[in-house]
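Protein chains: 2
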Amino acid sequence: MARLKDPQEIVDALRAGDRGALARALSMVEQGGRPARDIGRLAYPHGGGSYTVGLTGAPGSGKSTLTSGLIGHLRGLGERVSVLAIDPSSPFTGGAILGDRVRMQDHALDDGVFIRSMATRGHLGGLALATPQAIRVLDAAGSPWVLLETVGVGQVEVEVAGAADTTVVVVNPGWGDAVQANKAGLMEIADVFVINKADRAGVTDTRRDLETMLEMTEVVSDWRPPIVATVAARDEGIAEVWDAVLAHREHLESSGGLLHRREARLLDELRTIVARTLERRAYELTAGETFEELHQAVMARDLDPYAAAEKIIDNVA
Amino acid sequence: MARLKDPQEIVDALRAGDRGALARALSMVEQGGRPARDIGRLAYPHGGGSYTVGLTGAPGSGKSTLTSGLIGHLRGLGERVSVLAIDPSSPFTGGAILGDRVRMQDHALDDGVFIRSMATRGHLGGLALATPQAIRVLDAAGSPWVLLETVGVGQVEVEVAGAADTTVVVVNPGWGDAVQANKAGLMEIADVFVINKADRAGVTDTRRDLETMLEMTEVVSDWRPPIVATVAARDEGIAEVWDAVLAHREHLESSGGLLHRREARLLDELRTIVARTLERRAYELTAGETFEELHQAVMARDLDPYAAAEKIIDNVA
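Which chain is which? The protein sequence lines are A and B, in order.
When we follow our numbering, the leftmost residue of the first sequence carries the number 139, and every step to the right adds one.
When we follow our numbering, the leftmost residue of the second sequence carries the number 139, and every step to the right adds one.
Bound-form chain A, shown alone (with noise of 0.2 angstroms):
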């Protein structure tokens, strides 16, 4: 088959199951411009029936092999699944810190399971604005559950674990990892805690030191976070996960609170376009001749850098 290039052709493949179409779809996606505005414009009228599930937590918690655990127990109920795994670059070297994807290849030949690893920078606006795009894609092709896999925990990996719908979050037994989930904002986006590794010493701590910082949280809602203990090597508790995201879910669907929260998403996902339009916009504006004697005056002191941004702005808006 030739590769497809036109993006309403590779739409139109991927919805009726070509799964080459959906990863060259998610490729242009990763790419960014206007490719990947293309792909999610005419990919997401078809949207909507997809559920997003986040797993997010420290590098080394278990987050992969626990995904891995997840799409063997949703093979067993009949259930087809995507996996979308991110991986933040360093800022500076573009490296991608990839996640330990070995053991996904498990199910590498299984046709219900479609697992892909995106680390993009092209995208305006980087993987915060990427992810809900590559969602919108899996979701076009028809995927009922994306796993929404992140790896590290900066603050990148907060935004793009709020694009999920029911996020979990895992920690590993052991004084401190709660502590040190709590630092990195993951307690107020948790839907669900698993404590992973749970074969190992601590696990009590772990549990006692989540329950008093969801007690010290402020309640936004009447959901509260059941804590899961697994040992996903073992796959031992992943049904328990599972059944704690379905009810979760359940929750969400009943109160109202998933129409709330998608919409939340893309007032925050609009509000980002915006901005980083103008961002991009604003870099233009600091390439011309005029710039270029606003910045000789702010480093003579003749001008304050305030000052000339406020001119700046000013020759344009």
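Since the hints were derived computationally from the structure, they do not count as laboratory data.
There may be inaccurate statements among the hints.
To be verified - DMTMM-like mimics (lysine to aspartate or glutamate), calculated; alpha carbons at most 20 angstroms apart, straight line: (1) K449(B) - E417(A); (2) K321(A) - D337(A); (3) K449(B) - D406(A); (4) K449(B) - E401(A); (5) K449(A) - D156(B); (6) K449(B) - D176(A); (7) K449(A) - D406(B); (8) K321(B) - D406(A).
As the list claims (entries may be wrong) - If you want a taste of the chain A side facing chain B, the calculated C-beta under 10 angstroms gives, among others: (9) Y182; (10) A367; (11) E401.
Keep in mind the model is a prediction, meaning the values are calculated, not measured.
No residue lacks a Cβ here, since even glycine has one placed at the ideal position from N, Cα and C.
The hints should help you fit chain B onto chain A, whose structure is shown.
Here is chain B on its own, set in the frame of chain A:
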């Protein structure tokens, strides 16, 4: 003495050596908004004599102890010094991750030393914009040396470290520490490397790792970052660190690199100010009735998010 409130009076007083006024000015910068910009604008013409040395590295690497050692060393040389310790907050909790400020208490009563920590979120553009403003205030106060210490190794810290004339990256002995520094994007900003806690095993390995990574890093200058081993807790190697900093300064000044570096930094800052101002404008744009209609159209999938963003922007610029 009555507490000063007028920005001009505050800047006059801090230039005359009033430490209370200096602290007040830095608080205003930290809080952000109009008063921060007034202080920055008034301080800016009176600066230019200060040299900034950044210290960065993972939590626990001993940056605070090293900073404290450098203060002692500078005081021994008869130099006055200011320290600005930057503590970025978690994206959600707003809680500052404080470094070990305790050791710095040794210098608390020394009139030649001014220590301040900053953990702001109120400032437009966050710490990346508040930090150069704070440095300008210390500069206007006549501080010949500003030690800029950052806590953590996230993108914010890398951005903040970029505000220094010379950047010292602190790592510890042992396998993997240098690799982590590289991943965090510290390799590209290091002018001097310090292997602190060099009484532990693994110094040779870490030195070799750093050298290997320096070989792999794209060369953009003819300065090769020296690697200095220290035991900051026992004041060992502190003089060597400072000598390396002075050698780098001498290199920058004789090569014209200092002016070039400061110009590039100012350009970045100007671009960030313009972008953040436009971002705020974008936020205002996405609060009205027109926006609510567009938001609903996107929710209904009649319009995709990027098309909606375009319509919003067309309404302004």
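Status of each hint after checking the structure:
| no. | hint | verdict |
| --- | --- | --- |
| 1 | K449(B) - E417(A) | holds, 16 angstroms |
| 2 | K321(A) - D337(A) | violated, 25 angstroms |
| 3 | K449(B) - D406(A) | holds, 16 angstroms |
| 4 | K449(B) - E401(A) | holds, 19 angstroms |
| 5 | K449(A) - D156(B) | violated, 33 angstroms |
| 6 | K449(B) - D176(A) | holds, 16 angstroms |
| 7 | K449(A) - D406(B) | holds, 16 angstroms |
| 8 | K321(B) - D406(A) | violated, 29 angstroms |
| 9 | Y182 | holds, 4 angstroms |
| 10 | A367 | violated, 25 angstroms |
| 11 | E401 | holds, 6 angstroms |
In this structure, the hints that do not hold are numbers 2, 5, 8 and 10, in rising order.
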